[in-house]
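Take a look at the letters that make up each chain.
2 protein chains.
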Amino acid sequence: MSILVVGSVAFDDVTSPSGRVKNILGGAATYFSLAASYFTNVRIVAVVGEDFGAEHENVFHKHGIDTRGIERAQGKTFRWGGSYTDNLNEAKTTFTDLNVFEAFHPQIPREYEDTEFLFLANIQPTLQANVRRKMHGVRLTGCDTMNYWINRTPKELAETLKLVDVLLINDTEAKMLAGETNLSRAAHKVLAMGPQALVIKHGEYGATIFFREGAFGAGHRPFRAPALPIEEVKDPTGAGDSFAGGFMGYLASQKEVNRDVLKRALFYGGVMGSFAVERFGTERLQSLTREEIDARFQVFRELTHLE
Amino acid sequence: MSILVVGSVAFDDVTSPSGRVKNILGGAATYFSLAASYFTNVRIVAVVGEDFGAEHENVFHKHGIDTRGIERAQGKTFRWGGSYTDNLNEAKTTFTDLNVFEAFHPQIPREYEDTEFLFLANIQPTLQANVRRKMHGVRLTGCDTMNYWINRTPKELAETLKLVDVLLINDTEAKMLAGETNLSRAAHKVLAMGPQALVIKHGEYGATIFFREGAFGAGHRPFRAPALPIEEVKDPTGAGDSFAGGFMGYLASQKEVNRDVLKRALFYGGVMGSFAVERFGTERLQSLTREEIDARFQVFRELTHLE
Chain A
1 MSILVVGSVA FDDVTSPSGR VKNILGGAAT YFSLAASYFT NVRIVAVVGE DFGAEHENVF
61 HKHGIDTRGI ERAQGKTFRW GGSYTDNLNE AKTTFTDLNV FEAFHPQIPR EYEDTEFLFL
121 ANIQPTLQAN VRRKMHGVRL TGCDTMNYWI NRTPKELAET LKLVDVLLIN DTEAKMLAGE
181 TNLSRAAHKV LAMGPQALVI KHGEYGATIF FREGAFGAGH RPFRAPALPI EEVKDPTGAG
241 DSFAGGFMGY LASQKEVNRD VLKRALFYGG VMGSFAVERF GTERLQSLTR EEIDARFQVF
301 RELTHLE
Chain B
308 MSILVVGSVA FDDVTSPSGR VKNILGGAAT YFSLAASYFT NVRIVAVVGE DFGAEHENVF
368 HKHGIDTRGI ERAQGKTFRW GGSYTDNLNE AKTTFTDLNV FEAFHPQIPR EYEDTEFLFL
428 ANIQPTLQAN VRRKMHGVRL TGCDTMNYWI NRTPKELAET LKLVDVLLIN DTEAKMLAGE
488 TNLSRAAHKV LAMGPQALVI KHGEYGATIF FREGAFGAGH RPFRAPALPI EEVKDPTGAG
548 DSFAGGFMGY LASQKEVNRD VLKRALFYGG VMGSFAVERF GTERLQSLTR EEIDARFQVF
608 RELTHLE
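From first to last, the protein sequence lines are chains A and B. Quick note on my numbering: the first sequence kicks off at 1 and runs consecutively. Quick note on my numbering: the second sequence kicks off at 308 and runs consecutively.
Bound-form chain A, shown alone (with noise of 0.2 Å):
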């Protein structure tokens, strides 16, 4: 199976209590397209500027994604300055330049719209809705967004949650989205809105998915994934694209995405989630092997298996 990530390509500046970098790649599909490359083949559709060069590029064909769909604009790539302190679960943005990613209209190579699995990153609804609307053979959908979005678009937000078959977001994205303070009714007020289930990402405590009554199987409790706890935590961005890739990119690599699926790709999205944040950017994604993974989703399932 492919998976096919939409979304954006970044270069960062990020300083956090570890230290500080300038400049490196970055960006939700980035990050989304070198985890789930571990499990499936990934495609990706972005914006660059021409300060995108083939160092860069080379990132992704390391790991196999079709690049195909990178488009080249004139102007400079989007940049995102961010700073952690001690509070690690919150970035400052310090700067936002969006540069070619205003004008940012996916296009869908041709090559393309076979891909099974789809990934729609945090970007404006519509164009997420769009996308989905061009994807005539895809099975499940994925889709992330945030504060931004559902604070100054709700209407074209809830038309996009009507396409998609899971939602991830974190617990202040649900109880914001649903207007609800308590995180299990706000989770069965976003079911209401469209996905067929929801994950909820917890940061360092792990995350949660909740089901729509009789969706993917019988049973209808919510399933939870812990999170280890790490000794250092260098650099948080983009550690929900991680997991999300993980989740995904999981999911594509099974012939049938059922309740058993969804619950092992839960723990596999916080298995990259916390290989994410060890590194400053994507360096510890791009160094990974399938055996430390796995090893890792034994850890995180041990963590609180009882014999």
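Hints in this document: simulated from the structure, not taken from any laboratory.
In silico lysine to aspartate or glutamate, DMTMM-like type, Cα no more than 25 Å apart, as pairs: (1) 469(B) x 421(B); (2) 562(B) x 307(A); (3) 496(B) x 231(A); (4) 162(A) x 213(A); (5) 329(B) x 393(B); (6) 255(A) x 614(B); (7) 255(A) x 292(A); (8) 263(A) x 609(B); (9) 189(A) x 539(B); (10) 399(B) x 180(A); (11) 92(A) x 478(B); (12) 562(B) x 598(B); (13) 263(A) x 538(B); (14) 383(B) x 357(B); (15) 189(A) x 393(B); (16) 263(A) x 291(A); (17) 189(A) x 609(B); (18) 399(B) x 171(A); (19) 496(B) x 232(A); (20) 134(A) x 159(A); (21) 134(A) x 113(A); (22) 570(B) x 231(A).
Note that this is a predicted model, so its numbers are computed, not measured.
Got chain A; can you put chain B on it based on the hints?
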């Protein structure tokens, strides 16, 4: 086996988004002893005033809790008022009338001195240490504390920590005690202060137990028990004490305290905490059955269990 808890008995006024109650039986030792009573024999040392009547004592007696250690003093029982807004994780204290609790000097009845398990609920650390020193037959001591003592009496607390086996605190307290924002590193610093194991409670996300190298058998990895996403949290008061009651009560019911038993205890802690918050005060803890407790234990287990 039996367990002794030393701590507060109180009357509480609580306001939450689900309603308001006045003058209900509360206090750390009350929540703890009710939760633990489903697993083992419980003895309590506390102080109450003249307003503590037979109807209150009966709550303990119905659960077989030995109240010979409840001292009656002239004056009123400790009273606490708190309110919760949408963020149910944090109580805003509206009043604290220490009353007879202000001069509490725990007296251990001679008949209690052979108790094998001891829980030092949240009281002044020197009082905790004095109790521990009097209990010569104790096999395992659990201990709670809070920000107030961490900030005001760090030296006294350091002495107490050398005398306890398992410390049970929440994320904020662990980070404050260690002077460290990374939870995993904070845990190791706290373990270096004395306890063999440290339970860090994450509220709705469950709890993690960290072990000293070599303590309670082989292996150094932490273990986590998840918590159930709860639809309605009526009153979070006493959740932590109920957690401790389930955790310590289960330990006291087992022949041996090893890592597997500690892991199961962590799940039982989460189970009792989750029941406590479903109703105001101790209402839910008063009406449980062991069958309901074990059914929820299974739900918690399945919450993160992969086939």
